[in-house]
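Using the hints, put the two standalone chains together into the complex.
Read off the chains here:
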Amino acid sequence: MTYSISEKLDAIPRAMITKTELLAQMRSFLTADAVLHEAEELSPYECDGLSAYRQVPMLVLLPSTIEQVQKIVKLCRQYSVPIVARGAGTGLSGGALPLQQGVLLSLAKFKSILNVDPLARTARVQPGVRNLAISDAAKIHGLYYAPDPSSQIACSIGGNVAENSGGVHCLKYGLTVHNILELKIVTIDGELLTIGSQAYDSAGFDLLALMTGSEGMLGIIVEVTVRLLAVPERAQVMLAAFDDVEKAGAAVGDIIAAGVIPGGLEMMDRLAIQAAEDFAHAGYPRDAEAILLCELDGTNEEVSEQVMKVREVLEQSGAIEVRSAKDEIERALFWKGRKSAFPAVGRLSPDYYCMDGTIPRKKLPEVLRGIADMSAHYELPVANVFHAGDGNLHPLILYDANKPGELERTEAFGAKILELCVEVGGTITGEHGVGMEKINQMCTQFDENELTQFHAVKAAFDPDGLLNPGKAVPTLHRCAEFGAMHVHAGELAFPELDRF
Amino acid sequence: MSDISVQLQQQVSSAIADKTVLNIIGGNSKSRLTRAVDGRRIELADHQGIISYEPTELVLSARSGTRLQEIEQELKKNNQMLAFEPPHFATNATLGGTVACNLSGPSRVYRGAARDFVLGTKIINGNAQVMKFGGEVMKNVAGYDVSRLMCGAMGSLGVLLEISVKVLPRPASEISLVQEIDQQTAIIRMNELSAQALPLSASCWQDNKLYLRLSGATSAVHAAQLRLGGELLQDDEIFWQQLREHQLSFFNTDKPLWRLSVPPTYTPLEVPGECLIEWAGGQRWLKSDASAEQIFAITQAAGGHAKRYANNSQQTVCQPLQPELLSLHRNLKQAFDPHGILNPGIMYPEF
Ligand SMILES: Cc1cc2nc3c(=O)[nH]c(=O)nc-3n(C[C@H](O)[C@H](O)[C@H](O)COP(=O)(O)OP(=O)(O)OC[C@H]3O[C@@H](n4cnc5c(N)ncnc54)[C@H](O)[C@@H]3O)c2cc1C
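These protein sequence lines are chains A and B, in that order.
For the first sequence, our numbering gives the first residue as 1, with consecutive numbering after it.
For the second sequence, our numbering gives the first residue as 1, with consecutive numbering after it.
Hints listed in this document are in silico derivations from the structure and should not be mistaken for laboratory results.
Just so it is clear, the structure is predicted and the values come from calculations on it, not from any experiment.
Be aware that one or more of the hints could be misleading.
Claimed, not checked - Straight-line distance between alpha carbons at most 27 Å, and here's what the computed BS3-like set of lysine-lysine pairs gives:
no.	chain 1	residue 1	chain 2	residue 2
1	B	K77	A	K363
2	A	K362	A	K403
3	B	K76	A	K363
Unchecked claim - Only some residues are given here: those of chain B computed to face chain A with a beta carbon under 7 Å:
no.	residue
4	M131
5	C151
6	G345
As the list claims (entries may be wrong) - Distance windows between CB atoms, simulated:
no.	chain 1	residue 1	chain 2	residue 2	range
7	B	P349	A	E328	55 to 63 Å
8	B	S31	A	D464	34 to 42 Å
9	B	I175	A	G425	14 to 22 Å
10	A	K309	B	E245	27 to 35 Å
11	B	K19	A	T65	44 to 52 Å
Glycine included, every Cβ here is placed at the ideal spot set by N, Cα and C.
Excised from the complex, chain B in its bound form (with noise of 0.2 Å):
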């Protein structure tokens, strides 16, 4: 338990003064997914600890270096849980780095993404100055939902100190089941399935093969299954964490590996290489040595976007934005960080 706020403000400060860009680190277990900034390290793992959980009111609020893995071991003490599930990466991975790039797990469509959950977020913004937005509860209009653009903006608008999410109970019971189908009846299925009155909480397609996952009450889950038939599986929590740690046979090549976040029903995607889908259609992973030029343009007709995480000889690299909107970017930059000593290029080269 430590709060280093004072320290993390003075670097900032100092920054600003030395005129240095700052690059912005957690666990450091997230590089893959951002493109690299060269500046002065300001370190966020030692502003650690969990300010305030209380159960009954669903919240818990943490310095930003806190590690997920401590909090999802406390949630789990009061059986309760983050519902977005959030992928690691590593051990060390914080919150702050979680919410930083808004991570969420196989019960996304289901239940909600990262930023769906924040609730209110304190800051370091680029001026230096600390301030509070949202709060620690369920609801809150007064002012713009500054911590919700905080998630996914990857540091690049704040330093992120404190952070409240809501936290739901762990459904009672799980299992998974496991069918044989074609990557289009499967997109069709997965998506007919989430429009019925279902206690799905998680689905994938790979290799030929839907997964999905029941939770809720017990007889509930064992109605589910009764009714959509399939094979149960086995160790189902493993596969589902190795889905979302990448540490299934599918994450294991030297081709670059994309990201596409595409409209949940969309046909399969015509580009060459091994896909696998999660979140009803929504996310699929694609290995493909196909040119970045030529992903971004099947994805935006696609109506989606796309993102290659970097590897030992790649950058990360993210769709392009349209003028219009790549304006309104840097113009939200320099609302937050007029310095541009917060992670500057992060996402994309020009902000």
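For reference, chain A alone in the conformation it holds in the complex (with noise of 0.2 Å):
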């Protein structure tokens, strides 16, 4: 789009080596295919899921043992090479767009479970592993791992926790903060360090917690275990139709007003809906301004409870209709719609800009207001789909990047809508990170001293800033210029640092 990592702006390392020299250091140890160089094998690596920015790396690099990615960054580090890593790429920020001046450390070969532990209910896997192979693989034994991002199929479990990824279940079951116990991580001095244990907590500092979603910055994630849980004995469904999305949003604080807290509690809008209808065939009402996804999950018991509650609360919330899942196909059918909502969305325009602002749920119907106006002085379509019972918001702008200015125009409507989110006591991002794209949004949520402190934990890790540099958390002088950029109120941010 249309920021950009800037060397100086961004304060990226310099490589002290050249590609050719790099080259060959890397190929001493690893195989032809895991060393791309040429263009052609260079290009599929150019963008994570936020295609608008792209960047071909110096070299992509695909390891398949620890030992292997202990050298890669040793000698990173010793050549001042700057290194991002690469799950899946499925990132809907940027986090993993290559630098051009440095390394793609991709983890894609680490694809193995190691162990699955009924008793203990853990799964020991490789970052590479898909995060449904692992829900997948403890099924046999009842068990299941919680947070469920819509890219599940997809995304690797390295990535889901650089992201701290949530899913449609994180209100009741947490994101993946909650959900693992240990960490291996190859440090930036090429050290394989432990962070956590097997156990509950771990002796010292919380450092699994600031691991997780510290998108690649730390260090290079290269095992996890996870915790699992029982599946539940059953889950039902339940879709609710608004014929007014403000009714929508107070229903969900009537849900938990009544002692209820869903394992999933979704909303998406008309256009939203129709989308999704038209690619799943889900069984949305087409004519409904909101609907509710409601999944009650626990025992038979407890959920037959729920349902009755929820049921009622619902009607007496003015929905104008309410369904239950009749069996699991249906149930499925349900989530089918939702879960594909982005790419549903995606087919109505050639592009679509995905926003990840959280917002405490009252102030729903103030944002969800200013973002139609928004859409209208922007003159770009908006559906929205939402985490409802979280607060996390997905709203989907519409535009088309081949027409001159949609992009521009895209970009400056999605910034406001964060602005809103912040202003009304909320955050840029509920679960895709900051990466490159909301690098800027960043200095509008955090002041001088709280960016200065999070470098000084970067430093902790990583002193000369190899690790993923220019994303996540902005320099001083980014906020300078973005500050430039956007006075706020008349006031200039960091005025007392040079402009350049």
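See below:
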């Protein structure tokens, strides 16, 4: 998009070695197929799921052992070569966007499930294992891995840890950070370190929490132990249709006020409903202004009680229709519609841009109104998909990159949505991460001291700033630049810093 | 209700200027869990008050000196709770102290630890800067998770000013079952049951008895009771409370008390002394005269860690950290508290 990483502004270290020399060094211990350097081999790695940003790296490396990762990192450290880790490349914030003068370190070959322990309810897996593959492997034991991003058939567990990914079940079952026990990481010194443990806590600081969501900035994750949960005896999905988005929003609070924590609680607006229905034929009511999908899970008895309670609440909240999935097939279909909402909306328009703000739930009507007004102002349609239980919004802005000016308008629109989220007490990202995409909005969310503290945390792990530099936490210089563009109420942000 | 953050910030500034170590005190109910800090006291107990609480948002924010009791009462009025069931250890226990120690009660394996419920914090770092991390929303991945890093750091990375926590509805009904069973069998059974779809919310083995708590919809609790068998425990609320507060007779001892955190399925530990087990096997309390070296060696071999609580004659000690981890801890301490004035040495003598 229109932002880009700038060596100067983002303090990207300069590699002290030529591509040819680095290639030779890497080939001395990696097989030929694990070192990609020709333009056509490199291009599939030029972007992640946010394809508007593209950059071809110097080299792509595909190691298959931890020792190889350690050697790669040591060499990069020695020659000051920046390293960008990559899992499955489904990230939506440009976190795995390569650097021109850097190495892209793919963990794609780390695909083994090392151990499933049904008694301890854990799985020890390599970072490249797909999220869904863990639940598949645990299934015979009646267990599963709870965090379920919509991208779960493709995204890697290493990427999930790096982004602290969530899914449609995280109000009840938590995010990645709540469902992992231990990590093995390779530090920038090339050391293999165990963070966390197979027990429920560890001595010292909670480094496990710090690593989770650190976007590849603190270390390379080479092994993950996740917690598994018992598959609930029963899961019942209900679909409620509303003739008004705000009523649907209020119903979410009403369900929680009734003392129910649903396994999943999702909302979609009219445009999203229609797109999902055309794509997945889930049986959604096409004429509704909003639908809620509410999944209740637990023991048979628990679910029966809750279904009755929730039905009553939904009817009182003004739902025009309340349906329960008849069977497992219909349940899967209701979810399929929701989980394919992004690609479904993608068919409505040549391009779409997915936002990820989180807000206090009670602000939903205000924020939805704000988004609708902006949509009119920027003349760009928006479909809203919403992890309603958590207050995590995914407005999808529809645009056409080939129309001059549309991309820029989309970006400006997106940035405004995020600023609105911060204004109402929320955050610029609930689960997709900052990456490259939201780097400028970090200057809105955090002040100079806080950003400086983040940089100090990074330096504690990576003093030379070689791991994924330029992402997740903006330099103060970038904020100064950004502040110059967005003068807020006449105040210049970071006035004491030079502009360049 | 009072906000004394300005005074607190000044106290940190003065400490930097005078090169004086600060001893951060909340309700002073957790001194057995920490190494002594010899420094000027900075008192958080007057930094009080629930700042916001909206039951339907499932979020409560309070100043760190707010009494845990006050918070729990307020939640109860709305049929909600702190789901990690924090131990108090004294009536004046504060939210800040609880989070700083990452203290969680019997429900920990089933519902999560204190750190799992912390959504955001406002802190003063060792440069006397006030900053906010995380927030009051359920999901937030902007920036590193500094809020959770504060949990269990015992004030050594920052003075906690405000904390936002996720709260949950109270279960409609709760009962407990008790059954005669040996330690080895109990460990396996606690884990087997945890792998099944059951409304378990606490487990404990002591004195050849296994205690299980069931929480949830009344019909669900009863169905599980039929399935599990065992005797109904009378006054069970008191049992779990006494367990949580270390008021069961097991804890009334002159011997050193150890907390061992081990992989839950680990077989009975071969250490001299008496053991009480919680958290489906993951948390084991041990009364033992064995040397610290011996206990550390055994827990390390088990893949866990141990901590001795202070008593009249002995300091708190924690499982030694590996050299690489220790240096990472030192670096982080330096990153938050470059002058080394915030509770230095409270966890380990080295930082
Ligand atoms: C259709 C679609 C739906 C999605 N739905 C959701 C959703 O519901 N919830 C959600 O949270 N996300 C969702 N996402 C976003 C994305 O799938 C997640 O962020 C996912 O966790 C990324 O995993 P990945 O393996 O693709 O990581 P990548 O995109 O490869 O990398 C993501 C980040 O992690 C770092 N990284 C990757 N592997 C490692 C490692 N081993 N060590 C250190 N750093 C590493 C990278 O440097 C980068 O910063 C969706 C994406 C798509 C395309």
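Going down the list of hints, with the structure as the test:
{"no.": "1", "hint": "B:K77 x A:K363", "in the structure": "holds, 24 Å"}
{"no.": "2", "hint": "A:K362 x A:K403", "in the structure": "violated, 37 Å"}
{"no.": "3", "hint": "B:K76 x A:K363", "in the structure": "holds, 25 Å"}
{"no.": "4", "hint": "M131", "in the structure": "holds, 5 Å"}
{"no.": "5", "hint": "C151", "in the structure": "holds, 6 Å"}
{"no.": "6", "hint": "G345", "in the structure": "violated, 14 Å"}
{"no.": "7", "hint": "B:P349 x A:E328: 55 to 63 Å", "in the structure": "holds, 58 Å"}
{"no.": "8", "hint": "B:S31 x A:D464: 34 to 42 Å", "in the structure": "holds, 41 Å"}
{"no.": "9", "hint": "B:I175 x A:G425: 14 to 22 Å", "in the structure": "violated, 40 Å"}
{"no.": "10", "hint": "A:K309 x B:E245: 27 to 35 Å", "in the structure": "holds, 34 Å"}
{"no.": "11", "hint": "B:K19 x A:T65: 44 to 52 Å", "in the structure": "holds, 49 Å"}
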